[in-house]
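Student: Protein chains in written order, with the numbering used here: chain A, 1 to 387; chain B, 1 to 173; chain C, 1 to 382.
Calculated directly from the structure, the hints in this document are not laboratory data.
The beta carbon of each residue, even a glycine, is placed where N, CA and C say it ideally should be.
Treat each hint with caution, since some may be false.
Derived contacts from chain A toward chain B, CB cut-off under 7 angstroms, selection only [unchecked claim]:
1) 30
2) 38
3) 42
4) 118
5) 122
6) 125
7) 133
8) 135
9) 140
10) 142
11) 153
12) 200
13) 210
14) 214
One-letter residues, chain by chain:
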Amino acid sequence: MAYQKVAIVGAGITKFVRRAQETGKELAFQASKMALDSCGMTIDDIESVSLGTAPDAFDGVHMKGEYLSDGSGGWRKPYMRQFVGGGTGVFAPIHGWLHVASGMFDTCLVVCSEKMSSCYPHPQGAFKTIFDHTTEQALDPTLIWIFALEMNRFMSTYGITKEEIAQVSVKNKKNAMDHPAAQLPMEITVDDVMNSETLAWPVNRLDISPASDGAAAIVLASEHASKRITDKPVWIDGVGWNLDTAYWATRDLSYPRYVEKAARMAYDMAGVVEPKREIEIAEPYDPFDYKELHHMEGLQLADRGKAVEMLLDGVTQRDGDRPMCPSGGALGVGNPIAATGLMKVIEIFLQLRGEAGKRQVPGSPRCGLAQAWGDLMQVGTVVVLRR
Amino acid sequence: MELDKKELGATHYKESALKEGKLLSLAKQPKLQYAWDNGPAIGRYLEELKEGRIIARKCNKCRRIMIPPRMFCELCWRPTDEWVYVKDTGKVNTFSICYVNWDASRIKKGDKPHLPAVIEIDGASEGMGILHVLGEVEPEKIKIGMKVKAAWKKPEEREGAITDILYFKPVRG
Amino acid sequence: MREKVAIAGIGYTAFTSVSPGSSYRELTYEAAVKAYDEAGIEPKDVDSFICTSEDFLEGYSISDEYCNDQLGAVLKPAQTIPGDFIHSLAVGMMHVLTERFDIVVVQALSKASNMKTIPEMINFALDPVLNRPLDITAYMVAGLEMNRFLAEERATRKQCAAVVVKNKANALLNPVAAYGARVSIDHVLDSEPIAEPVCLLDVAPYADGAVVMVLCSEKLAPSLSDRPVWINGVGWSSDSPTLESREWTDAVAVRLAGDMAYKMAGIACPAKDVDLAEVNDEISFKELQHLEALRLFDPGQAGKATEDGRTSPGGTLPVNVSGGGLGVGHLFECSGAQKVLELVLQLRGEAGERQVSDASVGLAQAWRGIPSTSAAVAILSN
Chain A
1 MAYQKVAIVG
11 AGITKFVRRA
21 QETGKELAFQ
31 ASKMALDSCG
41 MTIDDIESVS
51 LGTAPDAFDG
61 VHMKGEYLSD
71 GSGGWRKPYM
81 RQFVGGGTGV
91 FAPIHGWLHV
101 ASGMFDTCLV
111 VCSEKMSSCY
121 PHPQGAFKTI
131 FDHTTEQALD
141 PTLIWIFALE
151 MNRFMSTYGI
161 TKEEIAQVSV
171 KNKKNAMDHP
181 AAQLPMEITV
191 DDVMNSETLA
201 WPVNRLDISP
211 ASDGAAAIVL
221 ASEHASKRIT
231 DKPVWIDGVG
241 WNLDTAYWAT
251 RDLSYPRYVE
261 KAARMAYDMA
271 GVVEPKREIE
281 IAEPYDPFDY
291 KELHHMEGLQ
301 LADRGKAVEM
311 LLDGVTQRDG
321 DRPMCPSGGA
331 LGVGNPIAAT
341 GLMKVIEIFL
351 QLRGEAGKRQ
361 VPGSPRCGLA
371 QAWGDLMQVG
381 TVVVLRR
Chain B
1 MELDKKELGA
11 THYKESALKE
21 GKLLSLAKQP
31 KLQYAWDNGP
41 AIGRYLEELK
51 EGRIIARKCN
61 KCRRIMIPPR
71 MFCELCWRPT
81 DEWVYVKDTG
91 KVNTFSICYV
101 NWDASRIKKG
111 DKPHLPAVIE
121 IDGASEGMGI
131 LHVLGEVEPE
141 KIKIGMKVKA
151 AWKKPEEREG
161 AITDILYFKP
171 VRG
Chain C
1 MREKVAIAGI
11 GYTAFTSVSP
21 GSSYRELTYE
31 AAVKAYDEAG
41 IEPKDVDSFI
51 CTSEDFLEGY
61 SISDEYCNDQ
71 LGAVLKPAQT
81 IPGDFIHSLA
91 VGMMHVLTER
101 FDIVVVQALS
111 KASNMKTIPE
121 MINFALDPVL
131 NRPLDITAYM
141 VAGLEMNRFL
151 AEERATRKQC
161 AAVVVKNKAN
171 ALLNPVAAYG
181 ARVSIDHVLD
191 SEPIAEPVCL
201 LDVAPYADGA
211 VVMVLCSEKL
221 APSLSDRPVW
231 INGVGWSSDS
241 PTLESREWTD
251 AVAVRLAGDM
261 AYKMAGIACP
271 AKDVDLAEVN
281 DEISFKELQH
291 LEALRLFDPG
301 QAGKATEDGR
311 TSPGGTLPVN
321 VSGGGLGVGH
331 LFECSGAQKV
341 LELVLQLRGE
351 AGERQVSDAS
361 VGLAQAWRGI
371 PSTSAAVAIL
381 SN
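Take these sequences, add in the hints, and give me the full structure.
Tutor: Below, the structure written as structure tokens:
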């Protein structure tokens, strides 16, 4: 007997904003309610709830999953939180998939909520304690360091320039102009990116996604349950995740092996043999612009060091042959960590259903992928979706 | 379904609303403290730093000399075998020139930028790096692959911490 | 019929008040080596790793980062559950039931001795706007709950103290328990008040330790273990997190988690079908409240049963034979692991001096501690 097939049948999202008046609970509620409404369900139809949310230090609440449980619809239900750092948002449908594919539940509400602004004055401060407490924190590291170090290594390994990488930011912020939830939709040029404030060379202000508040939610159903709910299910055909060593400074920073392993796990399950041909549309995680390229290579959607060529040739534009981050990504829509990954899943869901509105890519794609990344350059999470 | 901005939740406010008291808020800083047990590997690592030396552990199966040292080889899944002193020199695997502090505040005007780097330590296995910072170098002169050497605190000022090495500086000549 | 899931290997450290010789890495490594050895596997044979941790407990913002090296899980599917070990065990079970994972590993760790500001940390689990400004502390929440339980005449103060006497005595027979002791009811009642009616000896003291378990499919079980213990059912649930609107007398989440697990395990009459139970006893009265929520005793009867020795070793339903949290130590997210561990030892007949005779079905229950309302239950058999 094989596992139960699992469908995404509904989705909801809040706007992504720098500071939301709503609490994390209320954001979770808004997204969850919208997801249920979108498929004509109520919380009573939901058998289990899975929450994804990033560090407790953002909210200043210990056991944040407990605090968010009522807003997430977890009241008196089997409710559980998962957490794989920045990879959490795309691990969310995977965790939900486990609930339903196991046959233990027929429905699962998957919620990701993030309220970064509670960490004041800037959520960046919460990231100091992601570094090793004894061998690294004494150096007063910031999160941007590891990105800058990785970006530099990526650029020097393949001879890629900052100007080339900046085009990812230009593309994604422009794509976000058509996303109703977007925090930073912009029409900018490569020069704008190059001239924006240098934070940690080679990283400039416009190379980075913003800190955000926001939430997203999806409803999962087993095959037989989905028939009662929708005639447009989108199937979770492949799931993959992978965690590399915590000794990040010993790794080859130019290539994300963990993303490759996660992708191969998902492709194997989905029966994807030639990802370059079969994955028609993708939402790789883009908290920094170079990361989109880095991840495309890990995902086997581009050869090593060659993703930049697809970018420069326009292949990854929304109307190109292989659209990447048609939503606008973390760079354009915003980056409320866990909610971002789920926003990407929702984008593929809408694109495959032909419901992406002004963002709809041409060619009625049948197979797409969402991916997130997290921890200390360490974790990859991948889902392959088909209609 | 299609997303419609009018129907999406989350209400944005500006930071000024907080500062002007138009939006009420409460602030509290957690006073959390931890005293992490180092264990034998990191414990010895810190003791040796205090003496001005860098020590690693070797796995006799994969032959890797690992820094920071560890009591088990995470790849071979077995206890590591011996202590090995490595040099206090190395080469820059990658670096950044950073103008913001850990809490996202901008460094003060005129202050030198932070210079974090991954340093591959000589004597450890190929690619074995640690996070540290660079010093005594003009930022624009830093290159990947550059040879560097540890600049130590004075012996009486060392406390058994990674900061007993002040920074790594270029090896001249 | 659902496929069965086996626990094919266990590894654990001693549970101790401090563990200065090992970092969190070495503690988990020690447990993992033993577990893999028992099941005759290597990390490369494992299809997925599930770790249990909560940021503020570890003192890391993303504790997931530091979970895998010591499990041999580099470049493997690994995830972190900020819950109790029994939540993670449920996730492990889900993996195997999808039939895409044959061997999974579940881990939990407590380094409580490294947390130097535990009261401040637990207070940070309270609502930041509604509760914290009142200087409400977590132990006050325990006091509120216990007082309500006593006021409803669900147990007497002495019956609660009898739980402490029993569990600390049980722990004397458990070689890995940190807080075994012979205490009397008067010792408990006369101990320093913390948040009345809760006194010092009513509270489980903190301990360090690590537990790793290897789960596998029914198909693989014979090749990994000659004495597999089966997970027949799991359940988990959460009640309202707010202090203002929660149910104070009854542990509703425990009841719901128990009912889910019973249904999965096909248990119709828990009081008859369960041979021994390891339930959360972080505060003395919690054992009684939880036993009743789990339908192992009628409301108001668990205290009486404890007084009468029916929950003692040799009684009709031995409860916390291991010593429980009060005797072994409060292990935070590893608490449920210690309970499942005890069941595995008992169901294999390896519990030594504290072996319960003829045990074939055991129940382990976790609660995520003050001020949470989340619970998880596992039902095991041999």
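Student: State for each hint whether it applies.
Tutor: Outcome of the hint check:
1. With its C-beta approaching chain B no nearer than about 3 angstroms, residue 30 (chain A) sits inside the 7 angstroms limit, and its interface hint holds.
2. Restraint check, residue 38 (chain A) versus chain B: the minimum CB separation of about 5 angstroms is within 7 angstroms; hint holds.
3. Hint status for residue 42 (chain A): violated, given a least beta-carbon distance of 17 angstroms to chain B, over 7 angstroms.
4. Given the 7 angstroms rule on beta carbons, the hint for residue 118 (chain A) is violated: about 9 angstroms separates it from the nearest Cβ of chain B.
5. The closest approach between the C-beta of residue 122 (chain A) and any C-beta of chain B is roughly 4 angstroms, which is under the 7 angstroms cut-off, so the hint is satisfied.
6. A hinted interface residue such as residue 125 (chain A) counts as satisfied when its beta carbon comes closer than 7 angstroms to some beta carbon of chain B; here the least separation is about 4 angstroms, so the hint holds.
7. Hint status for residue 133 (chain A) relative to chain B: holds, with the closest Cβ pair at about 5 angstroms, below 7 angstroms.
8. For residue 135 (chain A), the interface hint holds, since its Cβ comes within 7 angstroms of a Cβ in chain B; the closest pair sits about 5 angstroms apart.
9. Evaluation of the residue 140 (chain A) hint against chain B yields a held restraint, the C-beta minimum of about 5 angstroms falling below 7 angstroms.
10. This hint holds: residue 142 (chain A) has a C-beta 5 angstroms from the nearest C-beta of chain B, less than the 7 angstroms allowed.
11. With a least beta-carbon distance of about 4 angstroms to chain B, the hint placing residue 153 (chain A) at the interface is held under the 7 angstroms criterion.
12. This hint holds: residue 200 (chain A) has a C-beta 4 angstroms from the nearest C-beta of chain B, less than the 7 angstroms allowed.
13. Taken as an interface hint, residue 210 (chain A) does not check out: its beta carbon lies about 12 angstroms from the nearest beta carbon of chain B, beyond 7 angstroms.
14. At about 6 angstroms, the closest approach between the beta carbon of residue 214 (chain A) and any beta carbon in chain B falls short of 7 angstroms, and the interface hint on this residue holds.
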